[in-house]
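Asks: Spelled out, the chains give:
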Amino acid sequence: MSGLVHVDSLTKSFGSVEALGPIDLALTENEFVSVVGASGCGKSTLLSIIAGLTEATTGDVTVDGTPIDGPGRDRGVVFQGFTLFPWLTAQGNVEFALENERMSKKERAAYAREQLALVGLSGFEDHFPAQLSGGMQQRVAIARSLSYRPRILLMDEPFGALDALTRRDMQSLLTRIWEQHKLTVLMITHDIEEAIFTSDRVIVMTPRPGRVRADLRVPLARPRAAEMTTSPEFRGMFAEILELVHEKVA
Amino acid sequence: MTLPSTGTDALAPATTTTAPRRPRRRRYRIGQSMTRRRYVATAVISFVVLLILWALVSAAGVTNPRFLPSPLQVAVTLGEQVANGQLLADLGASTYRILVGFLLATVLAVPIGAIVGISARVEAAVQPLVDFIRYMPVVAFVPLTILWIGVGEEQKWLIIFLGTFFQQVLMVADAVRSVPRSFIDVGETLGLSNGRILSRIVLRASAPRIWDALRITLGWAWTWIVLAELVAATTGLGYRIVLAQRFLQTDLIFAYLIVLGILGLVTDVLMRLIGRALFRYERIRR
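One line per chain: the protein sequences are A and B, in this order.
Take -1 as the starting number for the first sequence in this note's numbering and just add one per residue.
Take 26 as the starting number for the second sequence in this note's numbering and just add one per residue.
Heads up, some of the hints might be wrong.
Simulated restraints on C-beta separations [stated by the list, open to error]:
#, chain 1, residue 1, chain 2, residue 2, range
1, B, S218, A, T26, 27 to 35 Å
2, A, N28, B, R305, 38 to 46 Å
3, A, R233, B, L303, 50 to 58 Å
4, A, R233, B, R305, 46 to 54 Å
5, A, G121, B, L303, 26 to 34 Å
6, B, R305, A, T52, 54 to 62 Å
7, A, R174, B, S224, 31 to 39 Å
Okay, the calculated bits of chain B under chain A, using three or more residues with CB under 8 Å as the criterion [what the hints assert, rightly or not]:
#, stretch
8, 99 to 110
9, 226 to 235
10, 296 to 310
No wet-lab data here; the hints were simulated from the structure.
Think of the CB as a built atom: it goes at the ideal place given N, C-alpha and C, for glycine as much as any other residue.
So here's chain B without its partners, still in its complex pose (with noise of 0.2 Å):
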């Protein structure tokens, strides 16, 4: 206790009479940085950590190799979907639908979001409507979008736009919405109309944000593809999935898992990396 010694003190339990305590030293502080050598070495570390752990639990004879298949054995499986083509084919097939649905999304999804960002009319139309479609899970499409297209390309193609079109138009309209306010004064004032202001600042403003919105629901669509896969195709990563399942070829599955893994990760990166070179002045530090 640091308080000053009065006479109660005396009938105190003798540990209050000890050196007044002080505080510790932090050892670590909220928010505190970190090299980008030691963050990547920290990362690459979990992903053996997982491998290892992987490793000894199939080593060890306590699971069936049926069901969890080896690290080595997932990698041979690999290596020969790789060499015999049909990995490049799935993945083609996969990608090729994503990139129509996406794009479609997209192409409708700024415009729309832009106009739902700058006008409080079309956001109380429009906004209040697609949260509300937004929360209608996915798979519950699926079958839905089967009665009513069948199951070709469309129906994947439909799939995708809806797990990522409503999302896009939210997000780009708060996007939007967060360009300053002085931004659309300045234009105002040089005497713009309002079709420049919206494309010579607001879109330009709100782009690196746009960006980022649809890096992130780019990332969904692989999940939303491989769920229309699963269900009805003949060809994909979803479709060679449910085909190992039927086959009890666990490796199959795991090896395809790991592919899912690093794709998504590998667009991520890829649309860091683009969103950085096209945005490089966000970057920019005095």
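Bound conformation, chain A alone (with noise of 0.2 Å):
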């Protein structure tokens, strides 16, 4: 087992409805992944149950070989809506995550405002979410989780809210971060392009109940650059991916 993260015969049903699974699926330290699908085919499922905050019916899930208890630190997870807290600053809602760490108030903060320059804010710590855009947002939101280093970065349709300009470039940002800062990302989304312009890997799961249906690999050199995206391979595999999703099962 070289993977970090395993997911093993997981299975997830809602009273006699099986919404998952058996799932079995690994994650590579450093491996950005993408996890594309009908809509209701129970991949945001599979990310709550890898973050820790939906129990699964059956199978399991490790970590570095531990089996996983909740929620944890050593898993950041980014959501699909906006979950910044209205009552604190970009920078009062990066330092609130950093608080269970052992550092000065000054430190904290300090460190707070490196992690927004990180996700191109600077200039804007002292502004509520209110007064952020959605992608803004979405990039304090990105800031949070990477805050306290976990090494399992899980997004839910991170983009999912944010218009198709906005998207683009958030996808530009986090590949980049990703590609100077290495960490192993699970991604959910339902945009195609989205998930091959960022990932190593691409699952395509099948609807009710959710499956693997395809594991493909993202035949893109790194670092990835916006032209990719009209490349023979990239069109490729986005029709090759599009069909997986949308062909019924047999």
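Using the hints, put the two standalone chains together into the complex.
Replies: Given below as structure tokens:
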């Protein structure tokens, strides 16, 4: 077992409805993996189980060989909606995540500022979430999740609520951060282009119950650039995944 | 009619052949806003109109001045009450009773309401019961409270408490329940304990709505205190009103009613202003 995260014959049922699985999945250290699938295929449930926020019906999830027991600071989570606390500034929201860390107030403030700079928000430290655009809010959320250096970053359609142009920017930003910092990322998305552009691997799920239909390696070099989205490799993979997503289960 | 003409149109009454009816331009759109100045001016006019109507009716001599005193007479009586210190003493007595009863209710209702809001089990145990009790009119408790603890200060506190506590529990529970699930998820993924999630996230997120609940119930407290003092007291605004009734001093009753109205209004505005200062972030718009 070389992987960092292992998902072993995981299933999830809601009453008599089988929502998920069985699913087997392994994430290698510093790998960027996306999960795509039709809505209702249980991909968000999968992420929620790995985050420790939802309990699996059967099977288990291990991180570094240890089965997870609820949420933990080894796994940072970026949620779909805007989850910043409206009563705290951008700076305050990041500092909130650092309260358990052993550092002085001054160190914490300086460190939070650094994290905001990383997502391009220098100068916006004192803005409240309501004063920030959707994209900026999600950048703060990413900074908050990265600030305590989790080994794994779990993202549930992090850019789903953003407009197309902002989403492109955010994908580039995320890819850049990942390329610089190297951490293990699992991202749920319904945007196939986003999955290909950002990831090393794209996992396609089938709906009801959610199962892994395909596990595809992205044939694009790093660092990724916007021009790549028009390359034949990119378009070919896009067509392949699109077909897999829409294909009826035999 | 805007339908294309057909053979039957020839038989229709002449009016249908006139030009198609154009939709009338809306003068007013539902929910249309207004400038602050106009708003205040309109509100002031309402008060003035009421005052003028009152002055006219009492001046016309159609009513017995013993039952409907003129605004001027009420103003004079009010002035006397302020000058001889009676009003201030009554006001002090009533305000103190409200503060004690209201603070007692609040100190208990906020934590209890919070726990009702976060725990389905506690909710099942408490909420239906509280719902049941809150429908019992506070008025009906006045005789009972007198039998229980007499006519002292404690009885006034108890009436205020009964009139606010149960509503506060329900409103605080509602406020806590309205905190987005995702905020709690964030707390859990940050590794916070349930106690920290409750104090640092849930209560903080619901604080503006809890404050609103306190503001609304504090307004009611003015009603309950007068009620309690009407029945059994030797000081306070309600006591003065019942005394005035005995001596047929309707001008004094009017004066105190106006004071009560102003007090309610001032309390509400004050609470709103404090709320705005406390929760500045709520009013931020990009």
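Asks: Now tell me, hint by hint, if it's right for this structure.
Replies: A quick look at each hint next to the structure:
For S218 (chain B) and T26 (chain A), the hinted distance range of 27 to 35 Å is satisfied, since their beta carbons lie about 33 Å from each other. Under the hint 38 to 46 Å, the C-beta atoms of N28 (chain A) and R305 (chain B), about 43 Å apart, fit the expected range. The given range of 50 to 58 Å is respected by R233 (chain A) and L303 (chain B), whose C-beta atoms sit roughly 55 Å from each other. Checked against the given bound of 46 to 54 Å, the beta carbons of R233 (chain A) and R305 (chain B), roughly 50 Å apart, stay inside it.
Checked against the hint of 26 to 34 Å, the C-beta distance between G121 (chain A) and L303 (chain B) comes to roughly 27 Å, which is consistent with it. At about 36 Å, the CB distance of R305 (chain B) to T52 (chain A) disagrees with the hint of 54 to 62 Å. Judged by the Cβ atoms, the range 31 to 39 Å given for R174 (chain A) and S224 (chain B) holds: they are separated by roughly 37 Å. Evaluation of the coverage hint for the stretch 99 to 110 of chain B: breached, as 0 residues show C-beta separations to chain A shorter than 8 Å, against a requirement of three.
A count of 4 residues in the stretch 226 to 235 of chain B with a Cβ less than 8 Å from any Cβ of chain A is obtained; the coverage claim is therefore met, three being the minimum. Counting residues of the stretch 296 to 310 of chain B whose CB lies closer than 8 Å to any CB of chain A gives 5, which reaches the minimum of 3, so the coverage claim holds.
Hint compliance for this structure: hints 6, 8 are not met, and every other hint is.
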